[in-house]
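If you want the building blocks of each chain, they are given just below.
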Amino acid sequence: MPPNRDALPHPSAFKVLFLTILFGLVAYMVVVIVGLVVYPPLPALIESLTAPEILFAIKLSLITSAISTTLCVIGAIPVAYSLARFSFPGRGFINSIFNIPLALPPLVAGVALLIFYGPSKFGQMLSAAGLDVIYTPLGIIIAQFFVNLPYMVRVTRSAFETINPRYEHVARTLGCTEWGAFHQVTLPLARSGIIAGLIITWSKSIGEFGAVLMLAGATQMKTETLPIALFLNMSTGDLDLAIAASIILIAISVTSLVVFERFSGGRGVF
Amino acid sequence: MLSVRALSLSLGEFSLDSVDLAVVDGEYFIILGPTGAGKTILLETIAGIYTPEAGTISLDGRDITNTEPKDRGIGMVYQDYMLFPHLTIEENIGFGLRQQKADPARIRDLVSETADMLGIGHLLGRTPGTLSGGEQQRAAIARALVLRPRILLLDEPLSALDATTRDRLRRELKSIHRTTGTTVIHITHHFEDIFALADRVAVMQNGKIVQTGTPDEVFRRPATEFVAAFTGMENVFYGVSRIRSGEATIDLGAITLRTVTTVEGDVCVGIRPEEVIVSREAFESSAINAFSGTVVEIQQNGIFSRLVVDAGLPLVAVLTRQSVARLDLAEGERAHITFKASAVHVFPR
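Residue numbers (the working numbering), protein chains in the order written: chain A, 14 to 283; chain B, 2 to 350.
These are calculated hints, taken from the structure and not from any lab test.
Using N, Cα and C, we set each Cβ at its ideal position, and we do this for glycine too.
Hints are supplied without guarantee of correctness; some may be wrong.
Here are the in silico distance ranges between beta carbons for each label pair [as the list claims (entries may be wrong)]: (1) A:ILE76 to B:THR66: 50 to 58 Å; (2) A:ASP145 to B:THR57: 39 to 47 Å; (3) A:ASN108 to B:GLY266: 53 to 61 Å; (4) B:GLY27 to A:GLU274: 48 to 56 Å; (5) B:GLU298 to A:PHE101: 39 to 47 Å; (6) A:PHE101 to B:THR68: 19 to 27 Å; (7) B:TYR51 to A:ALA141: 47 to 55 Å.
Computed far set for chain B versus chain A, every beta-carbon distance over 12 Å [as the list claims (entries may be wrong)]: (8) THR36; (9) LEU84; (10) GLN101; (11) GLY182; (12) ALA249; (13) ILE304; (14) PHE305.
Modelling step: build the complete structure from the supplied sequences, incorporating the hints.
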């Protein structure tokens, strides 16, 4: 029988060192996050969680993220499908373009959006048409969409890529149009991948700060999403409200992570 | 009748190069060729998945080159089944009928009728992942057949199955073809499929059809060296096999062979030329099949010579040139041929 390393009486120094680092860092992360949650006394926390400003931020965050996530899904499905299935000139290049916002600091994306919707020709046209993006809730949606679309595209594309195109071929010989094959076969098969993408996109758009700050500003009770509320209250020293916003964001992140893991089946995004 | 003319298409590493093909109604047509020959994209182009760069496809005189796959009446079955995993077997088989907005009761009837024909009637409520490979392939065939296609395309339908299942499904394909009369185009690289099923065979290589003919023609007179190498069995005969006390005799009409097999009835036999021994005189040996005949042809082929001895049937043997010289063989002279029972490969028809 070959020697079983796990059965050795003394674990090797290598294993001890690596596992120590692993458990040390896990403990560090848990302590930091749990520390924030348990820091404020419970009555104060409940009061902060139900403060009008926080309730407004929750509502605004939910509405804007729901809209921007929906837009991301609508945009990402054709993009992801095209990247997964069609061959066309410049496919690799286009793929890279869709990855730019992943690498770009959201602040920079926000500034670019600010220029595009503000002083540019296009921005002036929109403004003349009465459509104001800058420093409005609409700006929040646009910023979230721009920054998070690539995540949705990535997850959805990998979902489509795992589906054998022959399923569609067979469906088409059985009487489906291309649309029918897509709708009746490919979409249902990609369902869990798309849901996983939707959750990660939604969670990221709830937490989006940099791009939103640049494009929509940080106006109390107007463009005040949860991260903006956290930022505003932190800068005015209102720690209880800041912590309340943080705790809600933590809850959203943890929940969406769990749901994402369940649907993605270990498919990576990052 | 399906007629493919000068069909060309290149698709990444696969291509079709001016493919001509005519398949008659009710025919069982097999396409043979190595991996990467372009067989699958030929089927997919016939099905309408890809639009050819040049050439035409017509079915019953109607040009369908640019017709949508759904309007061609051509069914497709892949080697790896491609059953929709999110649907039950019943929903899979009924998928095409539902696209036609057929009456639900009619769909149920047709689905269970077709499933029964393929022996999977008891599996209708299951999902594809819980079925064995053979059962999944039956379901995939049923899904295509239920629409009564003009042509059924089978892309290596037996290749993913174990030997026993493959033999059984092969027999069933034959009986399905007999009962439904559907025209079938079947891709394979198994000899047994050709012997058991094919009315005609086309051999494909590098995106081209290099030979078309009956199995007999293709095996006996390979048009190219490639076909010869790929088929490798030049002595192909049809006959009737009878088994008496463990030993089979195969009546080929002019001669009778003896061999060991479990196959009875109509068979196809193949004997590799290198397993045929040629001698001037008859000799006593353990090899049970011995015939005398006349040398009708000697062909020099590098260090080997290819000899055809007419012993009632033309039997091909391969000898070294030295052996031909040593035996002093020449066309028109008498010769004896001998081969062992185990040299006779028997395939059910």
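Is the distance from the Cβ of B:GLU298 to the Cβ of A:PHE101 consistent with 39 to 47 Å?
For B:GLU298 and A:PHE101 the Cβ distance comes to about 57 Å; the hint is violated.
Check on B:LEU84 being off the interface with chain A, judged by Cβ distance over 12 Å
violated (9 Å)
Is the hinted range of 39 to 47 Å satisfied by the C-beta distance from A:ASP145 to B:THR57?
violated (58 Å)
Verify that the Cβ of B:ILE304 lies farther than 12 Å from every Cβ atom of chain A, and report whether the claim holds or is violated.
Answer for B:ILE304: holds, closest chain A Cβ roughly 46 Å.
Does the Cβ-Cβ separation between A:PHE101 and B:THR68 fall within 19 to 27 Å?
Distance hint for A:PHE101, B:THR68 holds at roughly 24 Å.
Confirm or reject the claim that A:ASN108 and B:GLY266 have a C-beta distance inside 53 to 61 Å.
holds (59 Å)
A:ILE76 versus B:THR66 beta-carbon gap, inside 50 to 58 Å or not
holds (52 Å)
B:ALA249: least C-beta distance to chain A exceeds 12 Å?
holds (42 Å)
Nearest-CB test (12 Å) between chain A and B:PHE305
holds (44 Å)
Would the least Cβ to Cβ distance between B:GLN101 and chain A come out above 12 Å?
violated (6 Å)
Could you see if the CB distance from B:TYR51 to A:ALA141 stays within 47 to 55 Å?
holds (49 Å)
Interface-negative label, B:THR36 against chain A, beta-carbon threshold 12 Å:
About 17 Å separates B:THR36 from the closest Cβ of chain A, which puts it past 12 Å; holds.
Figure legend: structure checked against the earlier numbered hints; hints not met, in rising order: 2, 5, 9 and 10.
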